[in-house]
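Chemist: Letter by letter, the chains look like this.
2 protein chains.
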Amino acid sequence: MSTLIIITGASKGIGRSIATAFAKDTRIAKLKLCLIARNLEGLKQTQQMVNSLSSSQRKIQTSIHSIDLSEIDTLHKSIEKLFKEEIQQDKFERTMLINNAGSLGYVGPSSDMPTPMEMTQAVNFNVTSAIWISSYFVKFFAHQHKTKCNVVNISSLCAITPFKTMAMYCSGKAARDMWHKTLAAEEPSLRVLNYAPGAIETDMTDILANAKELDPELSAFYKRSKAKHTYIQPATTAKKLVNLIMEDKYASGDHVDFWDE
Amino acid sequence: MSTLIIITGASKGIGRSIATAFAKDTRIAKLKLCLIARNLEGLKQTQQMVNSLSSSQRKIQTSIHSIDLSEIDTLHKSIEKLFKEEIQQDKFERTMLINNAGSLGYVGPSSDMPTPMEMTQAVNFNVTSAIWISSYFVKFFAHQHKTKCNVVNISSLCAITPFKTMAMYCSGKAARDMWHKTLAAEEPSLRVLNYAPGAIETDMTDILANAKELDPELSAFYKRSKAKHTYIQPATTAKKLVNLIMEDKYASGDHVDFWDE
Chain A
1 MSTLIIITGA SKGIGRSIAT AFAKDTRIAK LKLCLIARNL EGLKQTQQMV NSLSSSQRKI
61 QTSIHSIDLS EIDTLHKSIE KLFKEEIQQD KFERTMLINN AGSLGYVGPS SDMPTPMEMT
121 QAVNFNVTSA IWISSYFVKF FAHQHKTKCN VVNISSLCAI TPFKTMAMYC SGKAARDMWH
181 KTLAAEEPSL RVLNYAPGAI ETDMTDILAN AKELDPELSA FYKRSKAKHT YIQPATTAKK
241 LVNLIMEDKY ASGDHVDFWD E
Chain B
262 MSTLIIITGA SKGIGRSIAT AFAKDTRIAK LKLCLIARNL EGLKQTQQMV NSLSSSQRKI
322 QTSIHSIDLS EIDTLHKSIE KLFKEEIQQD KFERTMLINN AGSLGYVGPS SDMPTPMEMT
382 QAVNFNVTSA IWISSYFVKF FAHQHKTKCN VVNISSLCAI TPFKTMAMYC SGKAARDMWH
442 KTLAAEEPSL RVLNYAPGAI ETDMTDILAN AKELDPELSA FYKRSKAKHT YIQPATTAKK
502 LVNLIMEDKY ASGDHVDFWD E
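Chains as they are written, first to last, in our numbering: chain A, 1 to 261; chain B, 262 to 522.
Excised from the complex, chain A in its bound form:
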């Protein structure tokens, strides 16, 4: 029996690093990685990196799926199809969702938000879509197919601390944390984790550091982190997350930060 790990936002950044961290971790003997993102080229690169960590002793299966998770009118059909295909191809005793995909959305003064219509794409992507995927994952894999399930929401310090000029990002992360806490309260047999990976060097933090309207103190912090090489490396925080999951000591629903003991 295999373990299936579904990772959204797997074409780059921390999503890619989590994929390779699981590929390196031999505690999971039979592993299938299901990698989802919009960017197919990035997915192929992640797949290659995983394949290079596969061996004849421990062959890692992969599948890649180019899906735009902000297209909420078609999302449920594409995800339902994908989950069905996975379950038809193998038998899984354990399944994990690494609910990682997300975007910055609007960065700038809270008193100058874009129009409601302009806000919807980010809200659809970061809140509605993210919540629905976790919900459907549990329905499909835990309830209908009786696998042991881990649900990991990739959170942020922003979920619990307001960061100036990042109100949309903070509130989206707060919404996701709270939704997953409620899920954990309802379903004691699940293992639910809100993981804040720390300030890591990714495309997102590069974009953020140079966002014109970012709070000057935050901008200086991100630029200094890059210049002084004090960012957490994606591989480091991904490894910490894999250890958290495999050691299984957190309370379900917890918000755990990279820097926590």
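Treat the hints as calculated values from the structure; they're not laboratory data.
Worth double-checking, as some hints may not be accurate.
To give an idea of the chain A side of the interface with chain B (calculated C-beta under 8 angstroms), a few residues [stated by the list, open to error]:
hint: 1; residue: Ile-72
hint: 2; residue: Pro-109
hint: 3; residue: Met-113
hint: 4; residue: Ser-135
hint: 5; residue: Lys-139
hint: 6; residue: His-143
hint: 7; residue: Lys-164
hint: 8; residue: Thr-165
hint: 9; residue: Ser-171
hint: 10; residue: Met-178
hint: 11; residue: Trp-179
hint: 12; residue: Glu-186
Label-pair restraints from in silico Cβ distances [stated by the list, open to error]:
hint: 13; chain 1: B; residue 1: Lys-407; chain 2: A; residue 2: Lys-228; range: 40 to 46 angstroms
hint: 14; chain 1: B; residue 1: Leu-301; chain 2: A; residue 2: His-145; range: 45 to 51 angstroms
hint: 15; chain 1: B; residue 1: Lys-285; chain 2: A; residue 2: Arg-224; range: 51 to 57 angstroms
hint: 16; chain 1: A; residue 1: His-143; chain 2: B; residue 2: Leu-343; range: 44 to 50 angstroms
hint: 17; chain 1: A; residue 1: Leu-53; chain 2: B; residue 2: Lys-338; range: 50 to 56 angstroms
hint: 18; chain 1: B; residue 1: Glu-341; chain 2: A; residue 2: Asn-39; range: 33 to 39 angstroms
hint: 19; chain 1: B; residue 1: Leu-343; chain 2: A; residue 2: Met-246; range: 53 to 59 angstroms
Note that beta-carbon positions come from the ideal geometry of N, C-alpha and C, so glycine has one too.
Starting from the known structure of chain A, fit chain B onto it as the hints suggest.
Modeler: Same frame as chain A, but now just chain B:
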């Protein structure tokens, strides 16, 4: 110079009670209430209740506006027009937004959420629209028209505590709290309050108590509160809120519950 208080969801429940609580409180000498909701009949009733509290010594002005706050494609135009009309009719030294409108959204197991498309109306209403109105209120009244501003987000215990089968409501309230906390951090001259009014007897709690898929313990709590008359009355919590605002002792951005000291 007058004080303008804009209340969303003013056609019933706590929105109506907040309108009448301000009408009763003589600490605001010259008061204009701008009442917004979808239901025009309810708005007219609230207006009548306010008018009955008005006197020749302290004449309370009112305006009512039937607007569907979930219609996010037209929302910014209707609110921009409304705010302009208010400022053309009077001079205000102080303005308040009581950002109260909200809906329950989906109630039921988190593992059985409706499709993303079906979730959007509640997310648009409770998150996107609510956030945008606070944002535009600050831009228009604090920045462009230089009035002293209070922003009150009507929150809930659900914003900080997961309630089983109410994940959508909880996560929407968490998102609103966090957005308003960020606003408070950015703008020290504003007075921002996240107020949790407690379990009050309103249409919403009546609907909730009878929601088929509500967690049985919560359902029993709401039914017991109604049967034993232990709900907080809307007028009681509305008065507490008015006192909080007028006494002005909270830290901007705080989440304050009815039951807090």
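Chemist: Taking the CB of Glu-341/B and the CB of Asn-39/A, does the distance hold inside 33 to 39 angstroms?
Modeler: Holds, since Glu-341/B and Asn-39/A (Cβ atoms, about 37 angstroms apart) stay within the stated range.
Chemist: Could you say whether the range 40 to 46 angstroms given as a hint is met by the Cβ separation of Lys-407/B and Lys-228/A?
Modeler: The hinted range 40 to 46 angstroms holds for Lys-407/B and Lys-228/A, with Cβ atoms some 42 angstroms apart.
Chemist: Under 8 angstroms is the threshold here; is the Cβ of Glu-186/A close enough to any Cβ of chain B for the hint to stand?
Modeler: 5 angstroms, holds
Chemist: Should the hint that Ile-72/A touches chain B count as held when the rule is a Cβ pair under 8 angstroms?
Modeler: 4 angstroms, holds
Chemist: How does the Cβ-Cβ distance of Lys-285/B and Arg-224/A compare with 51 to 57 angstroms: does it lie in that range?
Modeler: This hint holds: roughly 54 angstroms between Cβ atoms.
Chemist: Quick check on Lys-164/A please, does its C-beta sit within 8 angstroms of some C-beta on chain B?
Modeler: 5 angstroms, holds
Chemist: Would the hint on Lys-139/A stand, with a C-beta cut-off of 8 angstroms toward chain B?
Modeler: At about 5 angstroms, which falls below the 8 angstroms cut-off, the nearest Cβ of chain B leaves the hint on Lys-139/A intact, so it holds.
Chemist: Would the hint on Met-178/A stand, with a C-beta cut-off of 8 angstroms toward chain B?
Modeler: 4 angstroms, holds
Chemist: How about Met-113/A: closest beta carbon in chain B under 8 angstroms, or not?
Modeler: Where the cut-off is 8 angstroms and the nearest Cβ of chain B is about 4 angstroms from Met-113/A, the hint holds.
Chemist: Have a go at the His-143/A hint: is there a Cβ in chain B nearer than 8 angstroms to its own Cβ?
Modeler: Cβ of His-143/A sits 6 angstroms from chain B, so the hint holds.
Chemist: Quick check on a hinted range of 44 to 50 angstroms for His-143/A and Leu-343/B, using CB atoms only.
Modeler: 46 angstroms, holds
Chemist: Using Cβ atoms only, decide whether Ser-171/A comes closer than 8 angstroms to chain B, and label the hint accordingly.
Modeler: 4 angstroms, holds
The structure is consistent with each of the numbered hints, conforming to all of them.
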